[in-house]
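Engineer: Given next are the chains, with one letter for each unit.
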Amino acid sequence: MAAPPEPVLAAPLVDPMLPRVGRVRARRRDAPLVFTLEIEPAEGSLPPFAPGQFNMLTVFGVGEVPISLSGDPARPGRLIHTVRAVGPVSTALSRLDRGDPVGLRGPFGTGWPVEQAAGSDVVVVAGGLGLAPLRPALYQLLAPRRRYGRIALLYGTRSPADILFAREIDAWRRRKDIEVHVTVDHATGDWPHQVGVVTSLISRARFDPARTTALVCGPEVMMRFAIGTLQGAGVASTQIYLSLERNMKCAIGLCGHCQMGAAFICRDGPVFRHDRVRDMLALREI
Amino acid sequence: MSGIGTSSARPDRSAIFPIEALGTLFDALRGRGYRLIGPTLRDGAIVYDDIASVDELPRGWSDEQSGGRYRLIRRGDDAVFGYAVGPHSWKRFLHPPRQRLWRAKRHGGEVQVTAEAVPEERLALIGIRACDLKAIAIQDRVLTGGSYLDPYYKARRERIFVVAVNCSVAGGTCFCASMQSGPKVTETFDLALTELCDDGMHAFVAEAATDEGRVVLAGLPHRPATGDEVDAAAAVVARTAASMGREMPSEGVRELLLRNLEHPRWDEVAARCLTCGNCTMVCPTCFCTTVEDASDVTGVESSRSQRWDSCFTMDFSYIHGGSVRASPQSRYRQWMTHKLATWFDQFGSSGCVGCGRCITWCPVGIDITEEVAAIRASEAH
Amino acid sequence: METHGLDRILREHPFFAGLEEDFCQLVCGCARNVRFDAGQHLFREGEPASEFFLIRQGRVALEIRAPGRGAITFQTVGEGEIVGVSWLIPPYRWTYDAKALEVVRAIGINATCLRDKSESDHDLGYELMKRFVPVLVQRLQATRLQILDVYGSPA
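Protein chains in written order, with the numbering used here: chain F, 1 to 286; chain D, 1 to 381; chain W, 1 to 155.
Heads up, a few of these hints could be off.
Here are some chain D residues pointing at chain F (derived, C-beta under 10 Å) [stated by the list, open to error]:
no., residue
1, Ile19
2, Val111
3, Val237
4, Ser378
Distance ranges between label pairs, derived from CB positions [what the hints assert, rightly or not]:
no., chain 1, residue 1, chain 2, residue 2, range
5, D, Gly146, F, Ala282, 26 to 34 Å
6, D, Arg307, F, Arg147, 41 to 49 Å
7, D, Ala374, W, Gly125, 49 to 57 Å
8, W, Glu102, F, Arg206, 14 to 22 Å
9, D, His320, W, Arg65, 27 to 35 Å
10, D, Val118, F, Arg173, 31 to 39 Å
11, F, Arg206, D, Glu301, 54 to 62 Å
12, W, Asp149, F, Arg147, 31 to 39 Å
13, W, Arg69, D, Gly348, 22 to 30 Å
Don't read these hints as lab results, they were simulated from the structure.
Note that beta-carbon positions come from the ideal geometry of N, C-alpha and C, so glycine has one too.
Construct the entire structure; sequences and hints are all you get.
Structural biologist: Dropping the structure here:
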């Protein structure tokens with residue numbers, strides 16, 4: 001692999017393995033098993049984060065998991081994390097109440113190339129929970145909206161009940177300056193929007209492939225298909241960014257768990273430019 | 001010893017001291033506040049452990065090693081360092097199998113997190129070999145060379161005193177010579193010894209490479225080594241280099257493996273591999289860890305510890321839904337390609353020092369040198 | 001005038017983009033303009049696949065009915081896409097329902113007419129196959145992704 005990109009923001013932590021204590025300020029259920037926690041750092045604020053970065057969250061006595069930041073980078077004192085309760089720690093996180101303590105380490109990892117994308121069209125392709133780490137990027141894309149060409153959000157998930165941030169998506173839909181397409185794999189009843197896989201949305205979005213930056217996040221299989229379709233539409237591999245997921249214990253490149261080839265996903269990723277990981281994505285069990 | 005990453009100082013002219021002075025050396029180091037760790041006999045093997053006196057060294061013992069096999073044998077003399085490396089490397093002292101990171105205590109709604117204090121203990125590593133010293137230099141880059149570092153490793157590492165020994169025998173699974181990591185000590189040391197034990201002579205040709213090493217050496221009964229004695233010491237190392245049990249030509253190994261990530265040999269080795277992880281435990285450079293949280297029954301106190309982990313477990317690569325590396329093929333490939341290929345990209349060198357432990361302590365005798373050779377040979381056809 | 005309009009619409013539809021003039025005339029001879037109101041079916045499962053549709057406007061839900069579960073939408077198709085491939089292969093019957101979700105304007109192409117022309121002009125048939133096969137492959141891949149249920153929670 002070529003030289004990995006530098007982390008967008010270096011975390012100036014004295015002891016990077018030591019959690020700071022935060023407190024749950026609010027918890028909201030987004031979808032079956034999916035919750036969004038708003039956490040207030042109790043001991044001053046954490047360093048600012050870049051869209052795409054993650055924190056390590058600890059439930060004391062249970063354990064620690066990496067969870068991407070899903071809130072607005074312009075409001076770093078309000079840490080928003082969207083969690084799916086699939087393991088012991090994430091389940092414990094999803095059961096926390098207002099006022100409960102949470103351990104915080106971070107932010108870690110590389111972010112989405114929001115700055116470099118200025119002047120170009122941006123296509124955001126999200127699958128399932130993959131919308132969570134992309135939401136901070138959307139906030140930044142929309143904040144100084146004039147800096148970008150066309151912006152499209154293409155979001156696919158399992159069923160209408162699984163759609164995250166539904167009210168926000170509806171608000172984006174009403175805007176004239178972002179094209180929003182939401183599709184679900186299966187629908188019954190009164191779902192008024194698209195049904196089909198997220199890749200089918202790519203041909204519906206308006207963008208100029210020669211000057212487009214694509215941000216892709218979701219299950220790895222979905223990302224492979226989506227990237228193939230983006231490339232088929234004329235977006236170069238060097239203009240496509242994706243966020244990868246691997247087992248992480250330390251988040252600082254020392255525990256060895258998240259290796260994928262020569263890359264440490266926690267440190268060199270999770271956001272990678274596609275051409276830099278393309279070969280590894282093609283390998284089984286790497 | 002001077003800090004991590006300092007370049008090797010030029011050793012002074014060699015001195016020589018008799019076997020009897022080894023006790024004086026131990027006393028001197030203890031007197032300077034060091035806890036002595038050195039080779040001793042335990043459980044049918046030569047292991048590194050606390051040693052109180054020269055009597056605890058494996059005097060007159062050697063070992064026979066081959067794939068999946070280790071046996072102690074008697075030597076015909078009284079050499080105290082006349083064997084190759086045993087199952088344990090020094091990483092268990094610098095990067096221990098378990099390290100508590102912090103404790104947390106809940107008072108009502110408040111949680112207080114307290115970091116585990118960094119150790120202040122000073123360790124004298126007695127009898128460390130070239131390969132293991134090289135391994136420490138490699139772990140230095142891994143654990144202290146990046147933007148984040150392991151403060152516990154760093155604290156232990158900065159306080160060691162290194163009494164290195166140039167190997168007088170090569171084990172049956174040794175291949176340090178072809179990895180350019182031995183048998184002569186080249187990394188930073190305080191003292192380096194070569195044991196001369198024949199013709200009624202039992203002495204150590206010694207070099208000091210640091211100020212503290214010079215001070216310690218000066219306190220021992222010694223004299224300058226003669227040209228013949230220096231030649232004899234060089235001959236010991238040369239003989240060892242010429243009798244390596246294995247070899248792994250290091251030329252192009254990284255590229256070889258990276259272009260053969262899909263290769264039938266991975267299936268063949270996986271058919272034998274038990275994925276027990278022994279190779280990762282005995283490897284002096286394997287650094288992977290996991291964390292474990294614990295709490296008391298009331299949930300008031302909790303703590304997190306770091307412990308060695310192995311890329312051979314299913315858990316290692318688990319993400320919700322399953323393991324990324326579910327097959328033994330993929331796990332062996334991960335271990336070997338990390339060690340011999342991607343390590344270069346990450347840390348600027350090979351992750352292998354040719355100590356041979358992974359071969360000796362593999363229950364089925366899988367041989368990393370043989371695996372590389374097989375993949376290389378398949379390209380020759 | 002009607003034919004001229006169809007000719008232009010056909011040419012402008014992405015599915016027939018770049019179609020040679022001769023082939024365009026042949027296809028036009030089998031085509032008609034159609035309109036469906038919201039909720040109206042383009043076709044239903046089991047009916048003869050006698051016509052397929054190039055969607056010009058509006059969205060169509062492709063549904064399968066299952067006892068106790070009602071109609072399950074597995075795909076929606078919109079402007080610039082096509083509805084219906086079962087007309088290509090025997091027994092030429094629809095295997096799902098196609099229902100307009102809103103007002104749908106489309107070009108309907110008579111399947112028997114186009115099959116007959118393709119049989120007598122294999123160049124036309126080959127040209128059509130080159131346009132249908134990618135649609136089929138895309139749908140197959142989409143179906144694979146749906147089967148994988150990639151967003152699903154681990155059991």
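Engineer: Please flag the earlier hints that this structure goes against, numbers listed from lowest up.
Structural biologist: Hints 1, 3, 4, 10, 13 are the ones this structure does not satisfy, whereas the remaining hints hold.
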